[in-house]
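Chains as they are written, first to last, in this note's numbering: chain A, 1 to 161; chain B, 1 to 420; chain C, 1 to 817.
These aren't lab readings, by the way, just hints derived from the structure by calculation. Please note that the accuracy of each hint is not assured.
Said to hold, decoys possible - Heads up, simulated EDC-like pairs for lysine to aspartate or glutamate below, C-alpha to C-alpha not over 16 Å straight-line: (1) C:Lys153 - B:Asp361; (2) B:Lys333 - A:Glu121; (3) B:Lys183 - C:Glu185; (4) C:Lys325 - C:Asp581; (5) B:Lys183 - A:Glu21; (6) B:Lys183 - A:Glu54; (7) B:Lys357 - C:Glu151; (8) B:Lys183 - C:Asp195; (9) B:Lys371 - C:Glu149; (10) C:Lys82 - B:Glu393; (11) A:Lys17 - B:Glu181; (12) B:Lys368 - B:Glu404; (13) A:Lys47 - C:Asp212; (14) B:Lys183 - C:Glu196; (15) B:Lys357 - C:Glu149; (16) B:Lys333 - A:Asp94; (17) C:Lys755 - C:Glu717; (18) A:Lys17 - B:Asp134; (19) A:Lys17 - B:Glu135.
What the hints assert, rightly or not - Output of the computed footprint for chain C on chain A, the stretches with three or more beta carbons under 8 Å from beta carbons of chain C: (20) 52–59; (21) 62–76.
As the list claims (entries may be wrong) - A few chain A residues facing chain B, derived, Cβ under 7 Å: (22) Gln22; (23) Arg24; (24) Ile27; (25) Met28; (26) Asp85; (27) Pro87; (28) Ala89; (29) Leu90; (30) Met123; (31) Cys124; (32) Val125; (33) Gly126; (34) Cys128.
Yeah, the Cβ is synthetic: ideal placement off N, Cα and C, and Gly gets one too.
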Amino acid sequence: MSLAQKYSQEIQAIFAKYPPEQKRSAIMSLLYLAQREEGYISQEAMKEIADMLEISVTEVAGVAGFYTLFHRQKEGKYRIQVCTDLPCALRGADSFLQELAQALGVRPGETTPDGRFTLEEVMCVGACHRAPVFQVQHGDTITFHENMSLEEALAVLKKLE
Amino acid sequence: MSQYLLLRHREIPEISRLEVYRQHGGFEAFQKAVTTMTPDQVTEVVKASGLRGRGGAGFPTGLKWSFMDRKSWPHYVVANADESEPGTFKDREIMEGNPFQFLEGVAIASYAVGAQRAYIYIRGEYQHIARWLDEKIAEMEAAGLLGEKLFGTDYSLRIYTHLGAGAYICGEETALLESLEGKRGQPRVRPPFPPTFGLYGKPTVVNNVETLTNVPLIVQNGAEWYRRMGTPDAPGVKIFSLSGRVKRPGNYELPFGLTFRQLIYEYGGGILDDRPIKAIMPAGASSSLLRVDDRVLDTPLDYVALRQFGSDLGSASVIVIDDTVSIDWVIQKTIRFFKHESCGKCTPCREGTYWMKHLIDRIREDGKEEKQVKLLLDVARQIQGKCLCALGEFSTMAVVSGIERFPEDFRETVLEGVPG
Amino acid sequence: MSKMVTLTIDGIKVTVPEGTLLVDAARQAGIHIPVFCYHPKLEPAGMCRMCLVEIGRPMIDRNTGQPILDENGQPKLQFLGKLETACTNTVSEGMVVFTQSEKARQGQKATVEFLLTSHPLDCPICDKGGECPLQDLTMAYGPAQSRFEYEDKIHLAKHVPLGDLIYLDRERCILCSRCIRFQAELVGEAVLTFDERGRSSQIVTVSDPPFDSVFSGNTTDICPVGALTTADFRFGARPWELKAAASICSQCAVGCNIVYNTRREARSDGRIVIKRVLPRQNEEVNDLWICDKGRFGYHYTESRARLTAPRAEGRPVSWEQALQKAAEGLRSASQKALIASGRLSNEDLYTLKRLADHLQMPAYLYTPIGGGEWVRRYGLSTGSDLSALGKGDAILVVASDLYEEAPLWYLRVRQAAERGAALIIAHPRTTRLERQAPHQYVLRYAYGDEGEIIERLRREAKIAQTLHEARNLVIFFGNEGMGLEQSESLAAACADLLVETGHAGRIHNGLIGVWPHPNAQGAWELGFQPIFDLQPLFETMDALYLVALDPFGDGWVRQNGRKPFLIVQDILETATVRQADVVLAACAYTEREGTFTSGERRVQRYYPAVPRYGDSRPDFAITAALGAKLGLNLEAQSAARLFQEIAGAFPAFKGLDYARLAETRPQWPPTGRADYPFSGTAQPNTQGMGKILSAVAEGTMTPLPPTMQKESLRPEEGTLLLVPIHRLFDAGSLLTPSALLHGRIGAPHIILHPKTAQEAGVTAGEKVLIEWEDRQAEALVKVEEHVPVGVGLVPRSMGIPLSRAARARLHLAERVR
Ligand SMILES: Cc1cc2nc3c(=O)[nH]c(=O)nc-3n(C[C@H](O)[C@H](O)[C@H](O)COP(=O)(O)O)c2cc1C
Ligand code: SF4
Ligand code: FES
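Input sequences plus hints: build the corresponding full structure.
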């Protein structure tokens, strides 16, 4: 089913945010919508968004490709994104990542064989005072998990069905 | 006088509820501005208060508002809630804890520059905050604080949130505007600046969340009152995001003029394991590294004070580094960040960060050959002064200052000083 | 006039209009500031940082507004402390600029060094080698040695097809975005973008088909490195081995100025062959651009089907025998006619017309679209230039899909609209012009209602007002959905409109017929009569002399027993050639010289690029030789002398000769070897920019007789109306030899609205049988929203011999079988 059919009300609300002649501003919200179900943005979805915004599908792809929270490939159901940026790393984030990687049996960038988790390193997420920290990206949602120990992290992951 | 002007939720936990915020004087400033002041009067008060932008550059806020091109309409206000500088997490706490004061600041700024539409550009990772603000905005609309003909005047205003999607560069105001227009978030050539050519090509004020959150109190209590805090160069209070090797990392709202020693030892509880402090990055990953001595620790902080040491206060995201950490590792981290975040538009930043990454990796992996270190320094210097926006410049700050001020860390042998 | 500003660049005083970019001001003073991302036809992006210079601005006293002076009475200068980009800064009074100072040189050197860190330096095997801005600027500005470790270079894909025509080498790309901006800004088709960001940025297209634009080849000219190359020329030759011949593109009526680059080729038996086509600068016609048909469609000139010698009764014969036979055929026929196409030169057409007059036979122009007589009188006049149109002017485009029919006009109209000209489009469906150009008004009418278009424009108050108030008005008319007669009526109505709004006969004003051929306008000027339906001639005439047309191949003439004596003159072995009694082998226009008159009435010269094929001869020479056999003395040697005769005989050509046509005027931006980094590899114009004919309307304004409006077919409930349309890439005999274009040409197809398709029970991709009148053809179904309901669009020259609108039935091809 097309985005327009599935989320017609939400799409209306998104467009209402911007001046009518500036439809293109809605692109990021629409890309999130497209990512809601499968966690990635398909070629068809980009085409549909292009038509909605009256721009070329290439332009949509260029926007999707610029931002790290948009994905055009299907990966694990949950993306476990550990911040290993300077402030977090000063508080042990690098070793936290290593431990978590070991516990999941994958290297950063890889997906667990059951397809549930993709482990990723990310840049600062604005939680430096609560390192170690990771965020879970799932569909179009993001959840922060802060002040994590390995045990707590694994408990969090366990609860994700 | 209560302790907090911005992080008021720490005293009044319920202040994120509209009626509680209003019980504490919320939206009186907005109503006062709209019903009793002209837009120019509001701008004048903010100008007189000496409020300077909290997004990093410290540009006088009222002056920026007065630059809005009056021949071109409509005008827009855009709140910069992209907060992506490593070590910065203050805007987040404001929006989570004291959302209405921030929104009131957006509203007043909008009134002052004649904007009827304001956008809040929020980094994608703060999605929960965007939803939370959407609720707060809806409550304001229901209460008649946003919408048509406010307070019985002809002034109308709507505020919308706009979610980013993972790009540090979108904190740069023109990249932010591009992103808000639905394009790749790459900076524009400036001039023209946003007050002339901003969102959709129209005059636009871009202000940081913290900057705007100061505004209601200034309008309510007057410029005089505000100037009583802080220093003449930087009146008022500032939220310091303290992170790194301190015992109590977190946000500390304090008047300008305090010292690093107070911030780190009094408020931050000192260094982990009581080790000696080695370096401070006062403005997140974009900082020039300060080599710490008593003079640095005891200098009253404002926007000019740190220049004497070759650094800048920026967004006051203070990253503390102790003697267990080697500076070559620190700059490896910062280079990695900037290489990842370079938008790719201009050559020196795009190619330079990539080149520096190779060099620092080689230095850290293959040993610290003098030739490589010198080349790294050269490349960093070669980037400077040539980029389209400040990101490229930022990418060199820690590199140049690190190598120049901590030469011993670039002579040691491999792989030391990595925090456990 | 804008204010002039004086500044000093490297000690040279330069005076330029306010608002000029520093980089342009310097170039005007002969100072080359190196650039990669800047291109004078594109908005500055300021991203490559190659043009870094030192800029000092006079300090101004806030109170007096006057410059502050130093002790020597000179204005005090303020320097920013850092270098600035010359491509994004505009000039200002008293500015002092250093482009060669130590500091500036260091900035430029740094940029080159940074760029080279990611560049593969594979110049020896690079197509751009020898005409590469990066190579040149590295020599001039770069460091002698790179400090970047070679092993650290990223390796990226080197042969990425961006569609059938253009290849991308990701390693060589320096991410200047010229190609992206060309497509987005100039063409309005954003089919290229950067994907990813930072050092991972790369050029991609995800359009379907990929790089979906008929202007794609131009990106290879402006690419400052060897990242974008054409599939045609890749690995074909080194630029310094190539010879250049100035020419005029013959693929449509725009008349783009081009250069044929040629080289002797072992693979072609040592012949000198065309290796590539490059645009030749003519800011009054095509700027620095050409379309992909012009760039890639030349291969017919070297087709295996080329005629190399005359024939009679199917056998090769000597010229003497062939001409003798042809002359006899004409002499003995009592009913005879001459039919020529708009592909021929003015000199050919003039000679043919002389022969026809001598034999008292009619001279016809084979054309699906009429109205040339009106264009002759109300067309553009001397000095007109579409690039002069902008705010305050109006452009009306009627019944023509400019993007498909005359791409460069599309581009120029689009740009005029971008500059503020009011664009009014009247068309039965949405065309690319409507989708991609800013327009004021669209008049949508039904096929068949063409007779009312102009009347309806008059009735729409806003449109009428715009047309009346326009400072200049240019009208393009086509013939979509119309036959010869209707399009002639349309032309007449358009001419009326020009007269009535006071625009007729003025410079930058007039009527343009969107003819399918390069010199149809020449034929109109020289007095040819239009004809499209040849069947009656084939049924009544005793002899026909057909020059450069293939009615049998088009499928519009059918054999039914009787056949007149056929003399066919052509360059290729066509279906019509196979029916001929005498075949006269003409050489291609690339092998001789001549002139074309473009749709704008601009007469332009082309020059020989390659030697003649076999024993072929120029058309005028053949006709002259034939004339000689029939007692008529015609110029047979010199095209220039023929042109002189034309100038003597036709008032519109008065005063023109080959020398005047070869004149050039100074043009901006500068082009040529030293300016490749600045403007790209479009070639400078040294061999002539042509001249627009003087307008007949300037003098005599006798109205033409009103033309007959023939009844036309309208879509009706429950029936299907077939309408032939023009597509740029068709399967005509001149285009199919360019194998590269086959993907763009595709299979025979019919385009339906989703509703129409549904009613007919067919879906996209299915094969159907179309039946109309007494004919039928198979086609693939395409479904597109822009087609009116009840209409089936059928591209011309795509294997479906539909000559004019007709009612039809559709069946699934399988069902039929
Ligand atoms: C690379 C870069 C990143 C930036 N990121 C932020 C940011 O996350 N938040 C912010 O408020 N300002 C950021 N800025 C500064 C903004 O460009 C702008 O100066 C600021 O939003 C103005 O607001 P202020 O005057 O209230 O400080 C950034 C600047 C640069 C060059
Ligand atoms: S300095 Fe970096 S982030 Fe800024 S424009 Fe250049 S490439 Fe983009
Ligand atoms: S930055 Fe000026 S030419 Fe590229």
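Verification of the hints:
{"no.": "1", "hint": "C:Lys153 - B:Asp361", "in the structure": "14 Å, holds"}
{"no.": "2", "hint": "B:Lys333 - A:Glu121", "in the structure": "13 Å, holds"}
{"no.": "3", "hint": "B:Lys183 - C:Glu185", "in the structure": "15 Å, holds"}
{"no.": "4", "hint": "C:Lys325 - C:Asp581", "in the structure": "9 Å, holds"}
{"no.": "5", "hint": "B:Lys183 - A:Glu21", "in the structure": "15 Å, holds"}
{"no.": "6", "hint": "B:Lys183 - A:Glu54", "in the structure": "14 Å, holds"}
{"no.": "7", "hint": "B:Lys357 - C:Glu151", "in the structure": "14 Å, holds"}
{"no.": "8", "hint": "B:Lys183 - C:Asp195", "in the structure": "12 Å, holds"}
{"no.": "9", "hint": "B:Lys371 - C:Glu149", "in the structure": "12 Å, holds"}
{"no.": "10", "hint": "C:Lys82 - B:Glu393", "in the structure": "12 Å, holds"}
{"no.": "11", "hint": "A:Lys17 - B:Glu181", "in the structure": "12 Å, holds"}
{"no.": "12", "hint": "B:Lys368 - B:Glu404", "in the structure": "15 Å, holds"}
{"no.": "13", "hint": "A:Lys47 - C:Asp212", "in the structure": "15 Å, holds"}
{"no.": "14", "hint": "B:Lys183 - C:Glu196", "in the structure": "13 Å, holds"}
{"no.": "15", "hint": "B:Lys357 - C:Glu149", "in the structure": "12 Å, holds"}
{"no.": "16", "hint": "B:Lys333 - A:Asp94", "in the structure": "11 Å, holds"}
{"no.": "17", "hint": "C:Lys755 - C:Glu717", "in the structure": "12 Å, holds"}
{"no.": "18", "hint": "A:Lys17 - B:Asp134", "in the structure": "12 Å, holds"}
{"no.": "19", "hint": "A:Lys17 - B:Glu135", "in the structure": "15 Å, holds"}
{"no.": "20", "hint": "52–59", "in the structure": "holds (count 5)"}
{"no.": "21", "hint": "62–76", "in the structure": "holds (count 3)"}
{"no.": "22", "hint": "Gln22", "in the structure": "6 Å, holds"}
{"no.": "23", "hint": "Arg24", "in the structure": "3 Å, holds"}
{"no.": "24", "hint": "Ile27", "in the structure": "4 Å, holds"}
{"no.": "25", "hint": "Met28", "in the structure": "6 Å, holds"}
{"no.": "26", "hint": "Asp85", "in the structure": "5 Å, holds"}
{"no.": "27", "hint": "Pro87", "in the structure": "4 Å, holds"}
{"no.": "28", "hint": "Ala89", "in the structure": "6 Å, holds"}
{"no.": "29", "hint": "Leu90", "in the structure": "4 Å, holds"}
{"no.": "30", "hint": "Met123", "in the structure": "6 Å, holds"}
{"no.": "31", "hint": "Cys124", "in the structure": "4 Å, holds"}
{"no.": "32", "hint": "Val125", "in the structure": "5 Å, holds"}
{"no.": "33", "hint": "Gly126", "in the structure": "5 Å, holds"}
{"no.": "34", "hint": "Cys128", "in the structure": "4 Å, holds"}
Every hint from the earlier list agrees with this structure, and none is contradicted.
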